[in-house]
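Trainee: Line order of the protein sequences matches chains P and E.
Note that the numbering used here has the first sequence beginning at 7, numbered continuously upward.
Note that the numbering used here has the second sequence beginning at 7, numbered continuously upward.
Read the hints as simulated data drawn from the structure, not as lab findings.
Treat the numbers as computed from the prediction; the structure is a model and nothing was measured.
It cannot be assumed that every hint is accurate.
[Claimed, not checked] With a Cα cut of at most 20 Å, we get these calculated SDA-like pairs of lysine to any residue:
id: 1; chain 1: E; residue 1: Lys100; chain 2: P; residue 2: Lys287
id: 2; chain 1: P; residue 1: Lys95; chain 2: E; residue 2: Glu107
id: 3; chain 1: P; residue 1: Lys287; chain 2: P; residue 2: Lys95
id: 4; chain 1: E; residue 1: Lys95; chain 2: E; residue 2: Glu107
id: 5; chain 1: P; residue 1: Lys95; chain 2: E; residue 2: Lys100
id: 6; chain 1: E; residue 1: Lys95; chain 2: P; residue 2: Lys95
id: 7; chain 1: E; residue 1: Lys95; chain 2: P; residue 2: Ile32
[Unchecked claim] Which residues of chain E face chain P? A few of them, derived with a C-beta cut under 8 Å, are:
id: 8; residue: Cys62
id: 9; residue: Glu63
id: 10; residue: Asn390
Ideal placement from N, C-alpha and C gives every residue a C-beta, glycine not left out.
Number of protein chains: 2
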Amino acid sequence: MLAITNIGELVLVPPGPVRGSSMGAIPCLEHVAVVIDNGLVAWIGAMNDLDAPADCEILDAFGGCVLPGLIDCHTHTVFAGAREAEFVKRIEGKPYAQIAEEGGGIRVTVEAVRNASCEELVELALPRLQRMLENGVTTVEIKSGYGLTVDDEFKMLRAIRKLADLQPIELAATYLAAHTTPREFADRPDDYLDAILSDTVLARIRDEGLAEFCDVFCERTAFDVERSRRVLMAAAKFGLRGKLHADQITQIGATGLAGEVGAISADHLETIDQGGIDALKQAGSIAVLLPACSWFLGVEQAPARQLIEADLPVAVATDYNPGSSMVESLPLAMTIACTQMRMTPTEVVVATTANAAAAINRHDRIGAIKVGLQADLTVLEAPNHARWLYEPGRNGIRATLKAGKLVHTSR
Amino acid sequence: MLAITNIGELVLVPPGPVRGSSMGAIPCLEHVAVVIDNGLVAWIGAMNDLDAPADCEILDAFGGCVLPGLIDCHTHTVFAGAREAEFVKRIEGKPYAQIAEEGGGIRVTVEAVRNASCEELVELALPRLQRMLENGVTTVEIKSGYGLTVDDEFKMLRAIRKLADLQPIELAATYLAAHTTPREFADRPDDYLDAILSDTVLARIRDEGLAEFCDVFCERTAFDVERSRRVLMAAAKFGLRGKLHADQITQIGATGLAGEVGAISADHLETIDQGGIDALKQAGSIAVLLPACSWFLGVEQAPARQLIEADLPVAVATDYNPGSSMVESLPLAMTIACTQMRMTPTEVVVATTANAAAAINRHDRIGAIKVGLQADLTVLEAPNHARWLYEPGRNGIRATLKAGKLVHTSR
Numbered sequence: 007m008l009a010i011t012n013i014g015e016l017v018l019v020p021p022g023p024v025r026g027s028s029m030g031a032i033p034c035l036e037h038v039a040v041v042i043d044n045g046l047v048a049w050i051g052a053m054n055d056l057d058a059p060a061d062c063e064i065l066d067a068f069g070g071c072v073l074p075g076l077i078d079c080h081t082h083t084v085f086a087g088a089r090e091a092e093f094v095k096r097i098e099g100k101p102y103a104q105i106a107e108e109g110g111g112i113r114v115t116v117e118a119v120r121n122a123s124c125e126e127l128v129e130l131a132l133p134r135l136q137r138m139l140e141n142g143v144t145t146v147e148i149k150s151g152y153g154l155t156v157d158d159e160f161k162m163l164r165a166i167r168k169l170a171d172l173q174p175i176e177l178a179a180t181y182l183a184a185h186t187t188p189r190e191f192a193d194r195p196d197d198y199l200d201a202i203l204s205d206t207v208l209a210r211i212r213d214e215g216l217a218e219f220c221d222v223f224c225e226r227t228a229f230d231v232e233r234s235r236r237v238l239m240a241a242a243k244f245g246l247r248g249k250l251h252a253d254q255i256t257q258i259g260a261t262g263l264a265g266e267v268g269a270i271s272a273d274h275l276e277t278i279d280q281g282g283i284d285a286l287k288q289a290g291s292i293a294v295l296l297p298a299c300s301w302f303l304g305v306e307q308a309p310a311r312q313l314i315e316a317d318l319p320v321a322v323a324t325d326y327n328p329g330s331s332m333v334e335s336l337p338l339a340m341t342i343a344c345t346q347m348r349m350t351p352t353e354v355v356v357a358t359t360a361n362a363a364a365a366i367n368r369h370d371r372i373g374a375i376k377v378g379l380q381a382d383l384t385v386l387e388a389p390n391h392a393r394w395l396y397e398p399g400r401n402g403i404r405a406t407l408k409a410g411k412l413v414h415t416s417r
Numbered sequence: 007m008l009a010i011t012n013i014g015e016l017v018l019v020p021p022g023p024v025r026g027s028s029m030g031a032i033p034c035l036e037h038v039a040v041v042i043d044n045g046l047v048a049w050i051g052a053m054n055d056l057d058a059p060a061d062c063e064i065l066d067a068f069g070g071c072v073l074p075g076l077i078d079c080h081t082h083t084v085f086a087g088a089r090e091a092e093f094v095k096r097i098e099g100k101p102y103a104q105i106a107e108e109g110g111g112i113r114v115t116v117e118a119v120r121n122a123s124c125e126e127l128v129e130l131a132l133p134r135l136q137r138m139l140e141n142g143v144t145t146v147e148i149k150s151g152y153g154l155t156v157d158d159e160f161k162m163l164r165a166i167r168k169l170a171d172l173q174p175i176e177l178a179a180t181y182l183a184a185h186t187t188p189r190e191f192a193d194r195p196d197d198y199l200d201a202i203l204s205d206t207v208l209a210r211i212r213d214e215g216l217a218e219f220c221d222v223f224c225e226r227t228a229f230d231v232e233r234s235r236r237v238l239m240a241a242a243k244f245g246l247r248g249k250l251h252a253d254q255i256t257q258i259g260a261t262g263l264a265g266e267v268g269a270i271s272a273d274h275l276e277t278i279d280q281g282g283i284d285a286l287k288q289a290g291s292i293a294v295l296l297p298a299c300s301w302f303l304g305v306e307q308a309p310a311r312q313l314i315e316a317d318l319p320v321a322v323a324t325d326y327n328p329g330s331s332m333v334e335s336l337p338l339a340m341t342i343a344c345t346q347m348r349m350t351p352t353e354v355v356v357a358t359t360a361n362a363a364a365a366i367n368r369h370d371r372i373g374a375i376k377v378g379l380q381a382d383l384t385v386l387e388a389p390n391h392a393r394w395l396y397e398p399g400r401n402g403i404r405a406t407l408k409a410g411k412l413v414h415t416s417r
């Protein structure tokens, strides 16, 4: 049994999904304590009413704010290589097509991942996950998608599974072999899809439990709507729930497809239109926004306010990846959502807890603070969550708990 | 004697000011070592040629990049109170005027600073400076300007002096009593200027060495060009060199005034026009850009590329302050300059070293890496400076040296 005492502000995020204007209206309790038993929240009440047994461990929050453990629901944390040369070229104004021609782009990461062993991928990702933990993150979704051969995609999924065993952050794996068509299949995208969507491959993923979700990059330069539909339908037959990289650069109807196939989430949405909004509403999909990506690329942000006004459940994630979002800090992505997308701090907290949990189908267990739910909690140094997001570039995490276990403290 | 060995990349920033296109063309040496003696850089050469005496201390850079110690040349690091409520209101779309009417704005900080003792101001600022040091910063300019009475402005300047003695970062103090007209002098700005610019006050600042610079907020809502001229001319008579908050919100000719009075720097410049650019060029002033401020406020950035193309020496700083830039991390401001202003990593390094040194009149001693200059150095974990700025939100500082002394190591 563990009691967190002297909590200055407890942000009582309810289980997700939380829609639209409800995201900004979350009750906050002051001067409270939380008791954790068997990994679950067992009691929430006023400090004065706390009646913990003598052998109860105490974690003093020193007046700090307590949130649900943060959830980064869209990342590419497993990768090899670095692409700062491309970062510089983009700043110099080179278009992505030219960067790719000059040997840059996703191909660089694919080469590096193919040349790395599963163990090397694990070694590279471990310190990244450690820093995420230090940023208050307790659950991370990680996609494959840099192998682009069946074997290399399996290598990535196995790396994710090993990582889950080696460190405290809970991981959710997504099969993203349909990230782009690899060079070996240039002009033969359907042949590539044949390879990665064969019954054998998908059955192995299911039988070995290597992924829960299947994602596809539905974009003019990647897979069109028809091919993306094929990807998600094939995966669904083997129990993998669908996700899409949708409406990032051009509007080709990707979000409409997300609605049609009942995707659990549609991610990016920088160019979403009214049809896409309607489709997501009907399907109940989570709208996952990636503010650090647009910020890193120096391009327009997704219309977060419009989505919230449309009563959608909005989530926010880092999109951590070596090409378009070398941002492993979810708190930094959260402040970018505040300053560049005009989401309020409260909305952003909901977007990275309850709604992020819903985007990876864990909202019945995590992403909320409620008696009976898992005690994944982030303890801040700041006395309230707005103060915390108002101080970007500073690590303001005092402690992180996963299933009631203290997995990180700042000192 | 100390040798830094195994430097992967030594960014040979020359003494500032560095103008225009020269900012992006800085030589970088690979596989080198640096020998420091008596606080100065004594030798730079290939690792293989290093011939250090047996009693020479060794700092292994492990292949990391070495830069001049970072200089934050525009900050308001001494303050009390917090303004996250205003941050939320701004996100909700409230204009500053309304925020001020509802009790927010600079008035909140002025109240808190007036109510704090000098010792309290010092206690509040110390951990901020400690975190700046952990971010590779070795020199910081700090302004007064939240006291707005002669006594409270002196209290702030004395706090800055005490801070200089209590921690390793070198501080430069700026008298910014002309930050805004305080309520007691509403509609009587000239009477306020009489008070803060009296010969007695300015002579005391000079005689006690409490400030090197005088700054004025030249803006429609603060001091017009005529009054700003008066401020800077009065201060100049007592040896304080001029700085301006210029062209931030509206274009009223502030940068023109900077040129006219030969200000050492003109800061902000979001609305600078061609006349302002010409004036700065003629006067040799440093153009200090504050990308974290515009980012924090969610407004347009200053036209960095236009200023660089005009052959101006451009500096970059955090503008760290509780209202418009709660960003104490200079590296974060640097990546914002890359992604939102399209400055290259090399330009941004020059802007926060050589040119930042020039903006606070220290370019003969610091801000560069050259035999004979002071050994203020920042050692990165990343193998090159582009890699470092490409990974925002992660502290990538391995070690920081001030005048040859190791003042911070990451582990």
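Trainee: None of the hints should be skipped; say for each whether it holds.
Mentor: Comparing the hints with the structure gives:
Restraint check for E/Lys100 and P/Lys287: the C-alpha separation of about 29 Å exceeds 20 Å, so the hint is violated. Taking the CA atoms of P/Lys95 and E/Glu107, the gap is about 46 Å. The hint is violated against a cut of 20 Å. About 39 Å separates the Cα atoms of P/Lys287 and P/Lys95, which puts this hinted pair outside 20 Å; it is violated. For the hint linking E/Lys95 to E/Glu107, the alpha-carbon distance of about 12 Å falls within 20 Å, and the restraint holds.
With a C-alpha separation of about 38 Å, the suggested pair P/Lys95 and E/Lys100 falls outside the 20 Å cut-off, and the hint is violated. Taking the CA atoms of E/Lys95 and P/Lys95, the gap is near 37 Å; set against the 20 Å cutoff, the hint is violated. Annotation: proposed proximity of E/Lys95 to P/Ile32 holds, straight-line Cα distance about 17 Å (limit 20 Å). Taking 8 Å as the C-beta contact cut-off toward chain P, the hint placing E/Cys62 at the interface is violated, the least distance being around 31 Å.
A hinted interface residue such as E/Glu63 counts as satisfied when its beta carbon comes closer than 8 Å to some beta carbon of chain P; here the least separation is about 28 Å, so the hint is violated. Taken as an interface hint, E/Asn390 checks out: its beta carbon lies about 7 Å from the nearest beta carbon of chain P, inside 8 Å.
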